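Asker: Residue numbers (the numbering used here), protein chains in the order written: chain A, 4 to 254; chain B, -5 to 349.
Simulated from the structure, these hints should not be mistaken for laboratory data.
Keep in mind that the hints are not guaranteed to be accurate.
As the list claims (entries may be wrong) - Partial list, derived from the structure: chain B residues whose beta carbon lies under 8 Å from chain A: (1) 15; (2) 42; (3) 44; (4) 47; (5) 48; (6) 81; (7) 82; (8) 83; (9) 86; (10) 203; (11) 205; (12) 206.
What you are looking at is a predicted structure, and each value in this text was computed from that prediction instead of being measured.
Ideal placement from N, C-alpha and C gives every residue a C-beta, glycine not left out.
Letter by letter, the chains look like this.
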Amino acid sequence: MAVTFSKPHALTDDIFHYCPGCTHGIIHRLVAEVIDELGIEGKTIGIAPVGCAVLAYNYFACDMIEAAHGRAPAVATGVKRSLPDSVCFTYQGDGDLAAIGMAETVHAATRGENITVIFVNNAIYGMTGGQMAPTSLPGQVTQTTPYGRDVKLAGNPIRVCELLSSLDGVALAERVSVDNVKNVNNAKKAIKKAFQNQIDGKGYSIVEILSSCPTNWGLTPNEALQWLRDNMMPYYPLGVYKDISREVTAQ
Amino acid sequence: MAEKVLMKGNEALAEAAISAGCRHFFGYPITPQTELAAYMAKTMPKVGGVYLQAESEVAAINMVLGAASTGKRVMTSSSSPGISLKSEGISYMAGSDLPALIVNVQRGGPGLGGIQPGQADYAQATRGVGHGDARILVFSPATVQEMVDLVTTAFELGDKYRIPAMILADGMLGQMMEPVILPEKQDPASLPKKDWAAAGHEGKRKKNIINSLYLDPYLLEKTIVERQSRYKAIKAAHQMSEEVYTEDADIIVVAYGASARVSRSAVVQARAEGIKAGLLRPVTVWPYPDDAVKKLADSAKAFLAVEMSAGQMVDDVRLAVNGKRPVKFFGRTGGVIPTPNEVLEQIRALAKEVQ
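Chain B on its own, in the form it takes in the complex:
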């Protein structure tokens, strides 16, 4: 078994991507993802890879599009304002069925916002980054280890379904250090070949076209319907979540990423006080773990969504609960991290309400 090392989240994610066979990184500086790009700049030349600092986020994501078109495993990383700039390219990649990894180390917004951790890009990430009928895979790790493990999953599922994938982290996870076991190194040459790639036909096959334009609306609709069928398959097979103390829980706290770490402490304290609280932690936020929420809606009395936003993921909880149980929300936003005590107070209040 591999050795445990102490690493910062951003650096561990970068190393995990290289281990997963990614040899192409295009980015633009922004806080708080800085260490990720710096690690790539330092490491890529040593492994025969490419690190390129683009002139803008817009250029960086289009470089990713170009590299992905040739069939390479490629990534970029940024933080909230930068993701808005990348959204054009992400929409084009979704429309051209190109897999790539996009990391969003979220900070507070809107606008320039702040540089402290945030979770206010949830709606942007899960409701479609960019224009059009498109979705991307969105993973929301809560530990440095999970951040590392999800990198390989994101690349592999992205390749399998030809869809861009995002790691939706936050400044807290990116900046914190935890012990981590890195995945086994994959040789880029051993990765599955992509017969759809535009890498030169060498006179041996029909030409490949990477494209998102269809002037005939019926043809465009056909491509969208086909893509939606892949989304449906993803929803059926790849909802990921973790549950803590949910079996007999009356109150289900739903939280992802950094909020889930805080909420877990609050749930443990609530249990110590005799309140039957449990935690549902979405690991994928698109596809959202609807099935897990629906199942818990049969047994639990109420839900509490906790986020570092003014209330975004709570919509997905409400959609899955579908009116069966009350769904409350508690959030801090603008870069403020909720404390376990704040969440605990919410749990106590809700426990009284549903008694």
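Chain A with its partners taken away, still in its complex shape:
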């Protein structure tokens, strides 16, 4: 019988612990498919974050390192400076990348560190139970903004791709989503480019993926995707913010 669907080699047989409707599973699969297609599993070293994806070191079949909260870009820097011919990616959430790890993120980016960053933005701290994230939207209700995020008190959200696109070391900054088939296909293209850039020595590539958190948003999986479209996409427009191969900047 013809095989029409199979698990990528770059994923292990471990069962994902992610909540129903969470898009981490799709994103893991896309990263693994790209690793397979580029034939780089044997020389890839992945860096897992602290957050919902903390156990990513169990799921990817390449060598893996579990970093401290927010420090994945620094760990990746150490790896890449030690093994320039390896392929090194970080997989980080919004709290990890844009709050506690923002210094490491900005400096790895501006150094043009030749790494690939998979940034999953779901506008909330998932693992700890739904606190405000640096990317939580104005007015968004979370455990730590129970009356809605008041930007006068809690400050404004951060648009990561827009911020990083101003830095010279960045080769690619693209925001994608995995809320429908077309967007999933686009996301995979962006992830593949981010890995290919590293293989070609082009510098820091980040793919920001808008993701849903049905559990902590208090919505069904379908409602969550709709919430993402209605609320996140207007604030965080999809698109290529920087691509040195296309000389394109901003929307």
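Knowing the structure of chain A, use the given hints to seat chain B on it.
Answerer: Frame of chain A, contents of chain B only:
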């Protein structure tokens, strides 16, 4: 035999690390370790190595963690306030069983403290840098030559036991110049391979994971118990100390690093006055040379711990002496270096007490 050269402690330590096959240095500027990083910045590119100035101490130690994960011989250096920032990464390295060399050229604290030499990070270094049940190897040189020699020992023992190692120096040793014989140069390619490293499996082995997370408490406990058994083996095999005039001594001065240099002068003067004083100088402060202290507690009448702190190592002396003999303390702190005369007065007073 290699030629003797006159070098500043910080620079000699850097050269010794390169000789030991270290080709990766990640750091952040801080006084009084400045010359070490500057020497690395100048020399690493010439030997095909990496010098990278990080955006913070936090980033620097995590770069060290990344490089150590790939199996490379790697180091960082800092001074007291910077070590506090690095403590997160050191805890993660201890929990992930990663060897690396961390140099602390201590200054006075707490807080921003000062930039003059200090020994007030003893408790931090020996009681576990960072959170959790973890220890690191801690070496405390007293001469530039010893600083150089201990670099190779620190790298080798770190690799053998998969544990981070620290050279606990101070601003005095870092900044002073002494003649030194540098170790033979090791080719990084000749160093033992690390089969646990995350360096790409190339389809030839099972994947390696560098990790300190265990959500199952029983599993986490198991990893800690296993690590503790390595600590026990280190304690049994690698206590290092030097003794001067201790055979017939009534008064044992215990001091390490810069304090030991001062104390040695005081002990020599005390002997000239007919006081039976001796010096025990810990070279490793973790593991602490308990065995040497215990042995001397059988013969000596009293102990005097001398430190450039308000009294930290003295706790280890008391633990080893275990109430058998009186243990006194004398220290200057905040960047003040005790004088030999100050220590001598303490020895004289103690000699009268125990007569």
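Asker: All the hints need checking, so say for each whether the structure fits it.
Answerer: Taking the hints in turn, this is what the structure says about them:
A least Cβ separation of about 13 Å between residue 15/B and chain A goes past the 8 Å threshold, and the interface hint is therefore violated. For the restraint placing residue 42/B at the interface with chain A, the shortest Cβ-Cβ distance is roughly 12 Å, beyond the 8 Å limit, so the hint is violated. Interface hint at residue 44/B: satisfied, since its Cβ lies 5 Å from the closest Cβ of chain A, which is below the 8 Å cut-off. A least Cβ separation of about 10 Å between residue 47/B and chain A goes past the 8 Å threshold, and the interface hint is therefore violated.
Look at residue 48/B: its Cβ gets to within about 7 Å of chain A, closer than 8 Å, so that hint holds up. Given hint, residue 81/B at the interface with chain A, is violated; its Cβ is 11 Å from that chain's nearest Cβ, farther than 8 Å. Proximity of residue 82/B to chain A holds as hinted, the smallest CB-CB distance being about 6 Å (cut-off 8 Å). For the restraint placing residue 83/B at the interface with chain A, the shortest Cβ-Cβ distance is roughly 7 Å, inside the 8 Å limit, so the hint holds.
Hint on residue 86/B holds. Least Cβ distance to chain A is approximately 5 Å, under the 8 Å limit. Because the beta carbon of residue 203/B sits about 5 Å from the nearest beta carbon in chain A, less than 8 Å, this interface hint is met. At about 4 Å, the closest approach between the beta carbon of residue 205/B and any beta carbon in chain A falls short of 8 Å, and the interface hint on this residue holds. The beta carbon of residue 206/B is positioned within 8 Å of a beta carbon in chain A (closest approach about 7 Å), and the interface hint is therefore held.
Checked against the numbered hints above, the structure violates hints 1, 2, 4, 6; every other hint is satisfied.
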